[in-house]
Amino acid sequence: MKLKHTILLAAAALLTGCAKNELPLFDEPFVYVETSTGANVAVVGADMKATVTYYIGLSCPAFTDPIGVNFSVTCGSGLTEGVDYEVVTPGGTVTFLPGIWRMPLRIQWKEHAIDESKDNTVTIAITGTSPGTFTLGYPGPAAKGSKLVITKKNL
Amino acid sequence: MQKNRIWVVVAALAGAVALSVSCQEKEIINPPSLTAFSFKAADNAVLSEDYVATVTGTEINVALPDVDKSALVATFTVAEGNIVKVNGAVQNSGKTVNNFESAITYVVMDSHEENPVSYKVNVSLAPDKHPALTFFSFDGDKNAKALGKTLVGEIKGSEIGVAVPQVADITELVATFSTGAGNKVTVNGVEQVSGVTVNDFSNPVDYMVTNLDGSVNAIFSVTLNRQKGEWTAAPTYEAVPVHAGARILVNPVDDVPFVAFKRHQPTEADARDPEKDEKMYAIKFVDGAWTSIGEAFSDKVGSDYDFTLSPSGTPFIAFKNGAVSPQVTTVMTYAGGAWSTVGENIGTAATSKIHLHAIADNKVVVCQIMSNKTFVGIWDGSSWTTGGIDALEGNPRPYEIRMAGDGANAYMFSINRAKALNEVNYGHNVMKFDGTSWSGLRQNYLREGASQTSIVGYDITVAPDGTVYLVTGDNAENVENYHHRVEKYNADGTWSQVGSTIDYVLSSRCYSKIAVAPDGTVFVAYPNETVTPKTIEVVYFDAATKQWSAPASLGNGDGVEYTGDPNLSFVFDSKGKGYVTWLEDSKLLMYTFE
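Note that the protein sequences, when read in sequence, are chains A and B.
According to this note's numbering, the first sequence is numbered sequentially starting from 1.
According to this note's numbering, the second sequence is numbered sequentially starting from 1001.
Possibly wrong hints are sitting among the right ones.
What the hints assert, rightly or not - Distance condition first, Cα-Cα at most 30 angstroms in a straight line; then the derived DSSO-like pairs of lysine-lysine:
#1 A:LYS153 / B:LYS1488
#2 B:LYS1145 / A:LYS49
#3 B:LYS1069 / B:LYS1284
#4 B:LYS1145 / A:LYS110
#5 B:LYS1156 / A:LYS118
#6 A:LYS153 / B:LYS1145
#7 B:LYS1156 / A:LYS144
#8 A:LYS153 / B:LYS1284
#9 B:LYS1156 / A:LYS110
For the record, the hints were derived by calculation from the structure and aren't laboratory data.
The structure presented is a predicted model; accordingly, all values stated were derived computationally and were not measured.
Only chain A is shown next, with the shape it has when bound in the complex (with noise of 0.2 angstroms):
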């Protein structure tokens, strides 16, 4: 986080110093989702069954007062919640307490076969915060972290 922190920080700095170039300057508050190893997307095996742990990310200053970011969890045509998976994290939000800037957000992969001509992603997708001064995902046009694709694989 500290290192976001800074990276934010230094090209905030290296824009500034180039003005002349009009970069845009993306210096704003935001939440990202991402795996363990900072991926956007991921595979899973069809025969996986274990409890997989994703993270909500935050940037932004020290706060005093509770954060919320919602999340949906939605997946295509080819798998079914309760079947193919099932969403450990309930409620559909994660709250962050003053000094925490990581949230763990699970699913739990169960066995099941699938049909690899369909759509077997599941998406996690940042839907919101409060309060709603946040980015969702990194700043710039690309919104990377905003949602993270777990694809789900006969392997």
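For this one, chain A is given, so just place chain B on it according to the hints.
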């Protein structure tokens, strides 16, 4: 004129005397007043920073962290001339030691020790600035039915891993934990009591630690990892300095582990032994100790060497011969208590990346790089046949070679140089030699979506049932990171992946090893460069969850952190005992798995 001067002097003296008398009469006596109070880190070793009190009337309030307060030095400011006492003892700011475990009273008096004013010093607990779980376990006596023994968690940052037996019931466990004074610990909003509260650990459990005033929180995720066995440190071999490339193998006949290695030449000139340095040694591990089975029995070894055991337990070594020019490959074997040469001049130009496998005592295969091509030598018990591999399309320039095999086949894994063939970036090959001819199981292969086959994190092995397993690294699923991917070659001629990719992100020195236990469990060992000190980690593929396990850390041996390539080696014996070796400071460290 003279008289006038005298009168001026007399008048001045009289004035001075009068002034002096006047000053003595108007001595300033400051009323007692204490205006500032603090504990400075410079005066108190238990404090990491200064703590300043608030002085309100005669109440002095200061919040300190959870430290020993029985001998603290206070710094205070009083009016000039004031005298300060505690229990009758005169206090010197920044010097006098007092016990602040409970409230104490500072009595401030004027310079005549009169008009005393009592200031009460109240020391309270400061909110923990870094709330954390500092210890976590499942005590055996509180989890007698489920566990029967105490299991201590390993805390790594905000993750706590606990190794539990495969069959343990983890749905109702009582955790014992420690945190700083004043902190509150909750799980899903429910306050936790160490040694009392029961939780279901089937999924990871998040412990929220909140400091006294709620200003700082921290989350600790506890994950229980089913363990197949236990890794234990074995005696380190350091009788002879070991050079990079040491490899451990287990004699298939009697399960005795062997290691062959090149003696390392010390940097210090006076520590060198020209008669022995850079020559081959062999040792075996019997009854918990290392013993020699050959010392300096070869010519000087160049940059590359390898070691194999035939199905009958006959050792063979192949090495780049540093005593000849060009430095080509020599092969030696051990029989009748002595090492002897069975092959010389395997190659016509300098060789490198030398590996070998013995299908039988009279069927030894050497694969190596020569003149930027893959070059092979095959020993039939009496003579060598050398050349390229016809079945290897284009014989592209290799980057690296590995070999594995069993009593029926030898397998060569190689990574091609960048775009060495058909513009494929570091494609890789798996070639099979069945004792007679070569065939390709995979050639110039690059996973779809990957930038290249990683030039670290690769290895090949053959399971006891003859299945070929491959670990490689690629970034097919996440362009930013390379991960290990394990695949196996199926009887129907296809490759299939073993689980998802392994979580660990490959680093530039992640020289990994793959091994398969007799029960078919696949293990991967790799050096974790992201932790300090760097450590060796091992994961296995859990047949129950179809997921790679949490890594078991083999530590960093004796604390001498390895540098560069730790030269991992990994093998299982026929009964399922695993051996991992690596080098640190020219010493051979070993862990065993049972």
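Against the structure, the hints:
1. A:LYS153 / B:LYS1488: holds (16 angstroms)
2. B:LYS1145 / A:LYS49: holds (26 angstroms)
3. B:LYS1069 / B:LYS1284: Answer violated: B:LYS1069 to B:LYS1284 is near 57 angstroms, above 30 angstroms.
4. B:LYS1145 / A:LYS110: Holds: B:LYS1145 and A:LYS110 sit about 28 angstroms apart, inside 30 angstroms.
5. B:LYS1156 / A:LYS118: violated (40 angstroms)
6. A:LYS153 / B:LYS1145: violated (39 angstroms)
7. B:LYS1156 / A:LYS144: It holds: about 28 angstroms lies between the C-alpha atoms, which stays within 30 angstroms.
8. A:LYS153 / B:LYS1284: violated (44 angstroms)
9. B:LYS1156 / A:LYS110: holds (28 angstroms)
The structure fails hints 3, 5, 6 and 8 (numbered hints given earlier, in ascending order).
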